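One line per chain: the protein sequences are A, B and C, in this order. Mapping the first sequence onto our numbering, position 33 (from 1) lands on 33, and the numbers just tick up by one. Mapping the second sequence onto our numbering, position 20 (from 1) lands on 20, and the numbers just tick up by one. Mapping the third sequence onto our numbering, position 187 (from 1) lands on 187, and the numbers just tick up by one.
Treat each hint with caution, since some may be false.
Partner residues aside, some chain B positions facing chain C, computed with beta carbon under 7 Å [unchecked claim]:
#1 PRO84
#2 ILE88
#3 LEU90
#4 ALA103
Calculated from the structure, these hints are not laboratory results. This one's a predicted model, so the numbers in the text were calculated from it and none came from an experiment. Even glycine gets a Cβ: it sits at the ideal position worked out from N, Cα and C.
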Amino acid sequence: MQVLKSELMELRSSEDIVRVRQEVRKCAVALGFGIVDQTKLVTASSELSRNTVDYGGGGTVCIETVQNDRRAGLRLTFEDHGPGIADIEEALKDGYTSGGGMGLGLGGSKRLSHEFEIFSTLGEGTRVSIVRWK
Amino acid sequence: MDKIPILKMGDCLLVTIQVDMHDRLALTLQDDLTTQIVKHRARGVLIDISSLEMVDSFIGRMLGSIASMASLLDAQTVVVGMRPSVAITLVELGLSLEGIRTALDVEKGMTALRVAVSATKKGADAGTKV
Amino acid sequence: MASKLAEILSKKDGEILSKWLQQQSASGRKGSAAEQQVTSRKSQEFLNGLKSALAKGSVDDISGPEWTSVRDLLLELSSSRAKGGYTPTETATFVLSLKKPLFTALREESGTNAEALADAVWQTTELLDKLALLTTETYQRTREELISRQQDELLELSTPVVRLWENVLALPLIGTLDSARTQVVMQNLLDAIVETRSDFAIIDITGVPTVDTLVAQHLLKTVAAARLMGADCLISGIRPQIAQTIIHLGVDLSNVTTKATLADAFAIALRRSGQMVVKSSTEAK
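Kindly produce the complete structure, drawing on both the sequences and the hints.
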């Protein structure tokens, strides 16, 4: 896939989470996504942003406009240098939470996206990447 | 810092969430509502989310917390105006918002609140059967 | 080389055109008299365009501005053939059948210079192949746009939301449901609920021949979404076979009110909204 546009944003505070949501909405609208797709993207970004801020000790999100041979899409990559996730499979299950959350962040974001990738190393950090195609 | 306004309508409180809330604002709202319910001895809380373009698990949690706290204070809660795109996304996300009463708009929400409040009143009046 | 080809085209214009037209009807589609007239006109236009493009531009790169009129002509031709029910072969043949007459002319002009002939033939074939591929791509694209548009229209026609009563909507689904269609249907229903401020929606699947896991899940999601919004969603028209399929699939419909007929579901909706149908003493005899 080709990357047509790329933008990096900080994720350190809850205000940043709001900023990221708004930027994702803007990009989704610009790409011509329908209202449901937009909402799914923004919601997934909110969940993952919160994970980065609350559990990852802060990090970044990279918002990219991508293109594969047939269609355009939006890719969001969340990265932190936090404690990492010990058991990814467990973390993907709904209801799992190490904090006071509802434990829907990872599994939910996966369901809201067309593609979902997660890499995590204990003690080093986590990277989650999602794509939604038009 | 901006606050979300809480309006008094009879013995009910009406909250309209119009901004993209950040976490602190949400927590402030919860505190404010609790205070106001006690202050005005409110029997019902109506939360209008028709302006919300997105509800994530955090906001979902907040709504659930408000409903639970209100219930402890003998007030019923109704959430109104959820947009179709938000509803579809919530279902996909897996958020059930179980136990939270919902209605299409403010008018229907008020009707639902009346019904809910009188039901609890009956229950309270009935007391325990010996 | 480009200019040589342009030269030949000027010199033997008429001959090449008639041989080409013959070749087209031999290897492609003959068509009606009207179609033949159009083809003949287009062929002449193409040759003219080819002549001037070769005179000014390069023979290797057809994306330049000198080739615009040739490309546009091919785009228009392929597009109308795609819409007109021609096959991909019949469309590409327009360009490809020009090869034989051109090669014949080149051979006549090259005399005994075998090397020059070989070069000329190679460059000509490369050029015509590129142009032929252009027609094929345009053909494909046009067909896909056509199909996509028809699908949209079909979607529009087959998902009407009916207002049964003041507070009650009905969505009679007809035909097979696929994932894409069901999502559109879901959205339409939910939007209609908001627009009409209906507390009840009945999804009737009498007209749906089969229900698979995906469709069942979509139905359940629609019901869940409607509930979140504050409306009640019922499913009616569940035929015995469908009921069996649903049980076999292990889909849990315990939280949804289901009825065999739309009428039954309607009665429930009325009851739940505190209304009922009463026989009027004044009308019936």
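Now for the hints, and whether the structure bears them out:
| no. | hint | result |
| --- | --- | --- |
| 1 | PRO84 | holds, 4 Å |
| 2 | ILE88 | holds, 5 Å |
| 3 | LEU90 | holds, 6 Å |
| 4 | ALA103 | holds, 4 Å |
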